[in-house]
Amino acid sequence: METKLFSFKGGIHPNYQKQLTQDKTIERGLVPDVVRIPLVQHIGAPATPIVKVGDHVKMGQQIGKANGFISANVHASVSGKVIAIENRAQIGGVVPTIIIENDGSDELDDSIKGYWHLEDLSSQDIMNIVHEAGIVGMGGATFPSHVKLSPPKEHKIDTVILNGAECEPYLTSDHRTMVEHPEEVVWGLKVILKGLGVEKGYIGIENNKPDAIQAIKNVCNKEQNIEIVVLETKYPQGGEKQLIKAITGREVPSKRLPSEIGCVIFNVGTSRAIARAIKLGIPLIERVVTVTGKGVKVPQNLLVRIGTSFEEVIKQCGGLVDSAAKVISGGPMMGIAQGSLEVSVTKGTSGILVLTKDEVAEMKPYPCIKCARCVDACPMGLLPLKVANTVQAGELDMAMEYNILDCIECGCCSYICPAKRPLLQYIRLGKAKIRSQKR
Amino acid sequence: MINNRLIVSSSPHVRSEETVSSVMLDVVIALTPALIAAAYFFGFRALLVTAVTVLSCVVAEYAWQKVNHQPITINDWSAVVTGILLAFNLPATVPLWMPVVGGFFAIIVVKQFFGGLGQNFMNPALAARAFLLASWPVEMTKWVDPFSNLPLLKTPDVISSATPLAILKGTEAAGQTMPSITSLFLGNIGGTIGETSVLMLLIGGLWLIYRKVISWRIPVTFIATVGVLTFIFGKDGFFTGNAIYHVLSGGLMLGAFFMATDYASSPVTPKGQIIMGIGAGIITSVIRLYGGYPEGVSYSILLMNIAAPLIDRYTTPVKFGEVKVRA
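Heads up: the sequence lines are chains A and S, in that order.
Counting from 1, position 229 in the first sequence corresponds to residue 229 in this note's numbering; the numbering is continuous, with no gaps.
Counting from 1, position 106 in the second sequence corresponds to residue 1106 in this note's numbering; the numbering is continuous, with no gaps.
So here's chain A without its partners, still in its complex pose (with noise of 0.2 Å):
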């Protein structure tokens, strides 16, 4: 049936290990008693926090204001008492977070109504009701939606595409939501078109979701400029160059943004999150996680509430088994693995993955035998061994002649590596002190 995958060159199969939670449908996740939510949930300055300690907040309510253009606001997800505010070890470090003590009424706040009338909205309103409801980017990079909506005058914009690769492993956040909630997707597109006057727009989905792909088409059959394009089943296909590259054919240029070739790329829980907004008004306060793997003893796909610690999370889903030994916010590929089980979960948590100790024994790493496995594994086209062996040796120019900078950090050299080399440890740590250097 299927003519020709698109790809692009290099990367991975790993264990997808996606049978864990694929075909279990989105359940509503416990409110919990407190929420702890962080003002920093995006890429871009944190958030200033306009409630005060003692406040009364509703659900949807702003409690953070986005601080500067890129940034993004941020809202209560229930309604309840402000009972703190101060700095807690969020996942990716020490953060603000505003602490609201649930009243259990879950009472919207009165500034919530919906749109409904795409027709009658113009470009710049879908930015401002995207920018008020704090949307930022749902499959892990956060970076805040609206500043995508509106991207500088010189880049004439003219393709629009819903990532749905959702390549790495365990994760089914966005599969499930392509399943369940095709439509919303399919209008949140036809939002982001709107907003930015695209006419055409792609979905991208790799080929191992089947019934997403199903799903998505027969919401879509109608519309004449929205093309779902099946992707091989690669990680790092969702990478945002390697989709573009796989889509459309066109290579976002080293240290480029993809709008600067006419791309702008946006994932489809995303595109769910701002079909809601301009419909029903509601802010990003909630979101899908994938709880999964075998550390946890009933893996599900959650619809949580912002802020919920992952301990809750975790409870919900029947608990830790006894050998769990790594808690991971995001996938096994990219993820930040977790020192604490008092994280919140944020707009960018796609997933919590809990391996087991057998799962992450410590690999000893080997002498680099240059079979160049990561060589052909690299999608970014680098020679991660030599740029891994020019950090090690202190030779930060020769590391930068290797293009150390163009690297994202898929970590599919890591992955690869018979020698079991922590090859894209070294190159962060070339690529950080490179930057310090810089300062």
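Everything labelled a hint here was simulated from the structure, so no lab data went into it.
Note that the coordinates shown come from a computational prediction; the quantities given were computed from them, not determined experimentally.
All C-beta atoms in this analysis are idealised placements derived from N, C-alpha and C, irrespective of residue type, glycine included.
The hints are all genuine.
If you only want the chain A side, here are some residues facing chain S, beta carbon under 7 Å, derived: (1) P332; (2) M334; (3) V360; (4) P367; (5) V375; (6) G381; (7) Y415; (8) I416.
Assemble chain S onto chain A, guided by the hints.
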């Protein structure tokens, strides 16, 4: 409290199942068919020479690492691979002390002196073979016909028979008739222990490509280059060469699939690997057609080994995004 025992480390959090040992073991598996063919054609003595070579390599590695207080890595199978490859480059008739000398030379001088696994700039087995050939040329070129009933422990006292390439070259063995192509393909000819059976080497080579241990780039370009050049520059004028004989004999299969693809001493870039294959093919053809030796595979690989770092340097792949920015 679970929080106290959570492991925190840098992504990626999963790794492929492949290890250095599993890769090396795959090479050993790939060499097994040819070893069986060697035992069949040259008898148990071929197996004995191989065993002695492998043991020497492993002992040499162990001894070096022990003496230098380095971690012992003999269970990664890399010394075993070197041992089998070196044995495959020896005639079944060699006195048994020779593989011992060769094994120690390969592991200590060529591999460990330069930093051990992954650091050697030449293929250890080939460098050791070149060393033995230069030191004991008579013993190293005493070829016997298959099924010669070699004595097991005593050094066989036999009259050397000619290899197909020597006959082709028409030097030392003028007048002898060429074996049939079938014999060449199956390995029913004189030669070193592991080079004769094209069929068995092909099976092993394809296994390595199938298992993605090696890429097609070096072996295919190497063999194709030899085929094309030996056909074009034939003895009786252009386009008259006996390409089939050249391709099927003289260890080309062994060299192309198993020796030129040695990780440490061959280029890591895709383009570099193609240059390696073509370069080795050119040098092999030049030596065979115009040089003093009937055979050129080993020297061609060694020469290209030396060029490998330079080739890597000048064949850095075009990175993603190395395109013109749209105006």
